[in-house]
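For the sequence shown, our numbering gives the first residue as 1, with consecutive numbering after it.
None of these hints come from the bench; they were simulated from the model. Given the structure is predicted, the values throughout are model-derived calculations rather than measurements. Some clues are possibly wrong.
[Claimed, not checked] FRET-style restraints, in silico, Cβ to Cβ:
no., residue 1, residue 2, range
1, Ser107, His355, 45 to 53 Å
2, Thr251, Glu284, 25 to 33 Å
3, Arg272, Asp172, 21 to 29 Å
4, His500, Val191, 55 to 63 Å
5, Arg272, Ser82, 19 to 27 Å
6, Ala90, Arg417, 53 to 61 Å
7, Asp163, Pro68, 18 to 26 Å
8, Pro68, Ser44, 24 to 32 Å
9, Val526, Asp172, 40 to 48 Å
10, Pro321, Ser502, 18 to 26 Å
11, Leu28, Val70, 34 to 42 Å
12, Arg272, Val42, 45 to 53 Å
13, Gly336, Val191, 28 to 36 Å
14, Thr468, Gln65, 25 to 33 Å
The beta-carbon is built from N, C-alpha and C at its ideal position, and this holds for glycine as well.
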Amino acid sequence: MASDPRQTEDMFKTISASDGTPAAEAQLRIEQAISQRTVTTVNSLPFEILATIFAECLPPYPLTQIQPNVTIAPMLLCHVCSVWRTVAFACSTLWSHLNVGLPILWSPEGDPVVWNSKEMSDDIDFLRWWKKNQGSRPPFLRLYSRRRGLKMGSQSYQRLSLDEDIANFLLDYMSSAQYLDADIFYRYLIVRSNHRKNPNDLCPNLHTLKTEYSLNVYLQYAMVEDEEPRSDGMAQRFSSLVPVPLPVPPTLRRLHLYINDTGFSCMGRLDRWSALTHLSLSSECNISEWHSISRALLALEWGHFIIVFSEEITGHYIEPPIHRLSALSHLFLHFGSAYGEVLNFPLRALFHNLHMPVLRDLRLSSETSWWSTTASPEILTVLKCTPSLTKLAFEAEDSSFSSDPSTIGTEFAPISRYVPFLAHIQFQIFFPLNDSASILAEQFVKEIFCPREWLHLENSFNTIRKVTIIIENSRPQTSTETFEALLVHAIAKRVKEATHISFEVNTRLYPATMCLLDETLKEWTVA
1 MASDPRQTED MFKTISASDG TPAAEAQLRI EQAISQRTVT TVNSLPFEIL ATIFAECLPP
61 YPLTQIQPNV TIAPMLLCHV CSVWRTVAFA CSTLWSHLNV GLPILWSPEG DPVVWNSKEM
121 SDDIDFLRWW KKNQGSRPPF LRLYSRRRGL KMGSQSYQRL SLDEDIANFL LDYMSSAQYL
181 DADIFYRYLI VRSNHRKNPN DLCPNLHTLK TEYSLNVYLQ YAMVEDEEPR SDGMAQRFSS
241 LVPVPLPVPP TLRRLHLYIN DTGFSCMGRL DRWSALTHLS LSSECNISEW HSISRALLAL
301 EWGHFIIVFS EEITGHYIEP PIHRLSALSH LFLHFGSAYG EVLNFPLRAL FHNLHMPVLR
361 DLRLSSETSW WSTTASPEIL TVLKCTPSLT KLAFEAEDSS FSSDPSTIGT EFAPISRYVP
421 FLAHIQFQIF FPLNDSASIL AEQFVKEIFC PREWLHLENS FNTIRKVTII IENSRPQTST
481 ETFEALLVHA IAKRVKEATH ISFEVNTRLY PATMCLLDET LKEWTVA
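With the hints as extra help, turn the sequences into a complete structure.
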């Protein structure tokens, strides 16, 4: 069917704007297509344009989709017609991301054990097929142990050692990755490769690594002999295991490390991590360790850390020298306490002499709604060193509020003086089981709109244009629509002059722990 030549020309111009092929060759093909002035079917489009269209069919975050899956691209494209299948197989970019589980359990010694040989054979055939479509392009790869269909305590499943040829294939596949999310598979890669090469020479293309560092991680993945295994007995079997080194290839720039070992410390690794631009650590660090991290990782652009305050550290810490994290644009800090309840965070000690001139996104998380309590003045210390901040987010694991919050911004020193570009603020709190929805809504809104509140949302000099309120809801009997309506109603009663601000209220079913972090980490899966 013929089309309007002007529409055809506009279409080609639009598509060519996102075309990733060399400009001269792509332009020549587009001009040839335009000169024909007619288009019969989509299959008549030049290969480069059709490949670009196919790339747009991929999900936004491909590594969140478990394969094989014929309902989404790229596999869906192979089931339309022979032309599309040929084009899809010829585009290695369509096959660059793979998220797949394998029917593997782990012995106490850390060796893989196959519990279903038929499924394993099919999965390896699929992996080889997918890898062939990837060509020489370094993959974005997520491997995990799949236990679907395995009955705990059952003696009927097969228990076979991993075939040597399959093991070598998996090791080579992981070693070629550009992005690798492999939890315990990464430990296996290191152990198996020790006799073949230096661990520091593994994964020469690796840019992003998401893995676990642990000894007792095998408690989660090991084979279950009894219906209710004794974890202390399992731990005794693992007591002889030696910690595996964590090699950092020179190409590595992003590291997400889940640490399940209380003896872990990053202090001896900072010199090898100096080139990292993104770092997420699940281990706790005190103020002194935070100072060491912030002054060693000069290239850091994105960071997530768990800061634990202890009475001993906060009372006697060495004042750090003046320092700048010149590239840091996103920072996520979770606060805890080594001695229980946390109400007053010594943020002055944490950020003293530290400047983050380009920080745009700051997210602060804790067990308590401390932004409205005695810790509030401490936030001012942070804001003084983040002049470019545009988004500020708070996350709390309870719904407790103070009736007399301290003031950050006053009529003499408004918050906009310290963060003149702050446009978006976000609150995320937990909606507990026993609290009244209407009381909680009124209490929360009263807190952020009280006469002494530090945001000054109703004042004309305020730069904030958006306020987001996220509620983690543990009460399925209370509909999210009802609670959102209560919050919106409570806000409407308070806001009179703040017409320049848009309010967004939504709820999530609890638990949604670390959801701010999870949302951000998805960005790592995209090249």
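Status of each hint after checking the structure:
Distance hint check: the CB atoms of serine 107 and histidine 355 are about 50 Å apart, consistent with the given range 45 to 53 Å. About 29 Å separates the C-beta atoms of threonine 251 and glutamate 284, a value consistent with the hinted range of 25 to 33 Å. At about 24 Å, the CB distance of arginine 272 to aspartate 172 agrees with the hint of 21 to 29 Å. As the Cβ distance of histidine 500 to valine 191 is approximately 59 Å, the hint placing it in 55 to 63 Å holds.
Roughly 50 Å separates the CB atoms of arginine 272 and serine 82, a value that falls outside the hinted 19 to 27 Å. The given range of 53 to 61 Å is respected by alanine 90 and arginine 417, whose C-beta atoms sit roughly 58 Å from each other. A hinted range of 18 to 26 Å holds for the C-beta pair aspartate 163 and proline 68, which are about 21 Å apart. For proline 68 and serine 44, the Cβ-Cβ distance of about 30 Å falls inside the hinted range of 24 to 32 Å, so the restraint holds.
Range check, valine 526 to aspartate 172: about 25 Å between beta-carbon atoms, so the 40 to 48 Å window is missed. Hint check: proline 321 to serine 502, Cβ distance near 42 Å, so the stated range 18 to 26 Å is violated. Between leucine 28 and valine 70 the Cβ separation comes to about 35 Å, which falls inside the hinted range of 34 to 42 Å. The supplied range of 45 to 53 Å is met by arginine 272 and valine 42, whose beta-carbon atoms lie about 50 Å from each other.
Separated by about 32 Å at the C-beta atoms, glycine 336 and valine 191 satisfy the suggested range of 28 to 36 Å. Hint check: threonine 468 to glutamine 65, Cβ distance near 27 Å, so the stated range 25 to 33 Å holds.
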